[in-house]
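Enquirer: All chains should be modelled from the sequences, with the hints used to inform the complete structure.
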Amino acid sequence: MPRPFTPKIITANDLLEGDVIYFTDTNGWSRELKEAELIEDEAEAQLRLLEAEKDAQHVVGIYLTDAKAGADGPEPTHFREDFRRTGPSNYRHGKQEAAANV
Amino acid sequence: MYKYNDFDTAFLAERNAQFRAQVERRIDGSLTEDEFKPLRLMNGLYLQLHAYMLRVAIPYGTLNSDQMRTLALLAEKWDKGYGHFTTRQNIQYNWPKLRDVPDMLDALAEVGLHAIQTSGNTIRNVTSDHFAAAAKDELTDPRPYAELIRQWSTDHPEFQFLGRKFKIAITGSSNDRAVTRAHDIGLRMVERDGVAGFEVIVGGGLGRTPLIGKVIRDYLPQADLLPYLESVLAVYNLLGRRDNKYKARIKITVLENGIDTIREMVEERFEERRKTFDGTDQVLLEEIKAHFTPPKLRGGNLETYLAAYDADPVFRSWADTNLAEHRDDNHAIVTISIKAHGQTPGDATAAQMRAMADLAERFGYNELRISHEQNVILPHVHKSDLPALHAALKDHGLATANVGLISDIIACPGMDYCALATARSIPVAQEIATRFEELKLEHEVGHLQIKISGCINACGHHHVGHIGILGLDRAGVENYQITLGGDATETAAIGTRTGPGFAYDEIVPAVERLITAYLSLRDSAEETFLQTYRRVGMDPFKAALYPEAQKKVA
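For the protein sequence lines, the chains are A and B, in the order given.
Here the first sequence stands for residues 643 to 744, where the numbers follow this note's numbering.
Here the second sequence stands for residues 225 to 778, where the numbers follow this note's numbering.
In short, the hints are calculated from the structure, not lab data.
For each residue, glycine too, the CB sits at the ideal point set by N, CA and C.
Any given hint could turn out to be false.
[As the list claims (entries may be wrong)] Residues on chain B that point at chain A, a partial pick, calculated with CB under 7 Å:
no. : residue
1   : K321
2   : L479
3   : M639
[Claimed, not checked] For lysine-lysine, the following BS3-like pairs were computed, each having C-alpha atoms within a straight-line distance of at most 30 Å:
no. : chain 1 : residue 1 : chain 2 : residue 2
4   : B       : K321      : A       : K737
5   : A       : K696      : B       : K261
6   : A       : K737      : B       : K261
7   : B       : K360      : A       : K737
8   : B       : K438      : B       : K513
9   : B       : K438      : B       : K227
Expert: Okay, here's the thing in structure tokens:
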């Protein structure tokens with residue numbers, strides 16, 4: 643039996659900085675997960691992925707990943723995406739250090 | 225140490241110019257990521273979890289002070305002020321920006337460093353004994369051979385697209401500090417009739433299928449090194465599987481075909497290939513050897529050393545733990561621990577790198593080494609300089625007396641940085657080190673190697689740790705499996721899994737239970753953890769690890 647669809651976001655890395663970025667509902671990219679578009683429908687997710695891939699010249703490694711609705715926008719459901727959202731454990735680097743838009 | 229000639233310098237300049245143009249074409253849109261990715265990987269540039277990562281080769285782990293200062297410059301100017309030394313004697317920068325990488329490579333080239341073949345399915349940075357040319361137990365300095373292999377393998381057209389990456393390690397000592405038995409090819413210098421040659425080991429490796437390498441040639445004359453290596457690589461290139469990346473390493477080729485078949489095929493190739501080598505490689509080797517002349521070691525008395533050793537318990541503890549025997553009785557090999565309790569194993573700040581470069585100039589004949597254990601070595605220090613060296617190291621947070629002890633942990637970057645990882649390694653290592661520092665048990669426990677990997681690829685060498693820890697993803701939660709009895713030395717062994725894994729917050733208490741069990745099981749303070757394990761076996765340690773299971777059985 644196919645697995646039921648779970649809500650998704652689209653994420654990638656910025657070409658120049660390598661920074662983790664998220665696709666927004668205005669077809670842009672944000673460095674903040676809370677600004678990502680949370681996609682609730684499976685077919686829509688594939689269409690939005692195609693839309694995001696149009697920007698493949700400026701971003702790298704675009705993919706859909708699970709997320710859930712939170713009080714302040716989407717939140718990760720897996721620890722890998724949680725680390726991508728924040729940065730490494732050993733230094734206050736990555737997203738913990740800077741949060742400017744792409 | 226080896227000094228680049230005009231050819232080497234021009235080669236690097238041309239290669240870097242080529243990559244600079246490729247980066248520009250990626251940024252302006254002339255190259256797609258699919259086209260660019262193999263090009264950046266050929267120059268050591270990965271895209272990791274949070275940013276790019278540049279992996280710089282430190283050939284056979286040897287550096288001079290200027291090279292170390294350049295590594296510091298890269299950390300400071302183009303990264304976040306630190307670098308991470310790895311188990312392949314490389315250094316990794318975790319935060320470079322794409323546009324800056326060509327400048328970083330140019331800065332490296334100025335001091336004869338590069339990032340070539342630090343990635344991809346090719347022959348990787350050749351690693352070596354970090355005590356080479358200094359150790360008392362050494363037969364011959366292995367580094368000229370490592371340099372010969374580096375020159376031969378760099379951009380070798382036949383070996384740029386192997387089935388998988390290929391790793392070679394070489395040691396000139398009977399005590400194996402280069403983990404030769406866990407490499408695709410391990411080379412160990414041995415003597416026959418008074419002439420040094422190589423024992424050649426193939427098919428070792430860790431990762432998904434950990435295997436100890438097998439001896440394919442018990443004695444290979446020095447002059448036959450390159451044609452023989454070329455023959456092994458040619459057979460692997462022919463037989464190695466390309467249908468499944470998890471079965472593509474030479475260890476699987478050896479396992480599936482058997483060492484006798486591989487040996488037969490290699491010998492057949494060797495007969496053909498040897499004829500194509502006209503002796504130029506031996507001329508080159510002699511030129512290379514001239515660059516590895518040992519430093520002229522100075523004399524002098526040991527009074528200051530002996531006085532400090534008697535008077536200062538902190539210095540004595542450091543000297544007892546971090547020094548190794550030098551071939552000259554007046555000198556010592558100093559391991560600088562970059563594993564201060566609670567710090568990231570293998571990380572050094574730009575200031576620390578500069579301090580080590582200065583100290584190498586002042587006290588160490590301008591030589592540094594990087595160990596596969598993620599520490600920095602000053603291979604030749606006169607004992608009378610040790611008190612001053614120790615004092616200077618203290619000023620830079622580099623005097624931790626823990627080499628070979630429980631907090632001298634190898635840890636891969638894990639999921640804190642690595643895109644392949646399935647769990648974190650670094651915080652586990654930090655917590656274990658901090659915990660045993662709090663317990664003040666480290667020196668009582670004695671020699672113990674803990675090695676941690678954040679995924680099955682085993683960059684943290686967990687299979688050959690006395691205590692190995694493997695981080696995995698179990699249903700979306702970090703989970704850590706333990707292995708016991710691994711050994712990275714000449715008596716190499718793959719550790720045995722203890723049983724079910726432990727959650728993130730359970731792994732440090734589990735290690736503590738193992739250590740408590742060891743302290744109660746050992747027959748004297750001299751019996752190491754590994755010796756105790758080999759004597760008593762798994763059961764008592766398992767009982768300590770899984771007390772609930774024991775209760776159920778009872």
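Enquirer: In ascending order, which of the hints set out earlier in this document are inconsistent with the structure?
Expert: 2, 7, 9
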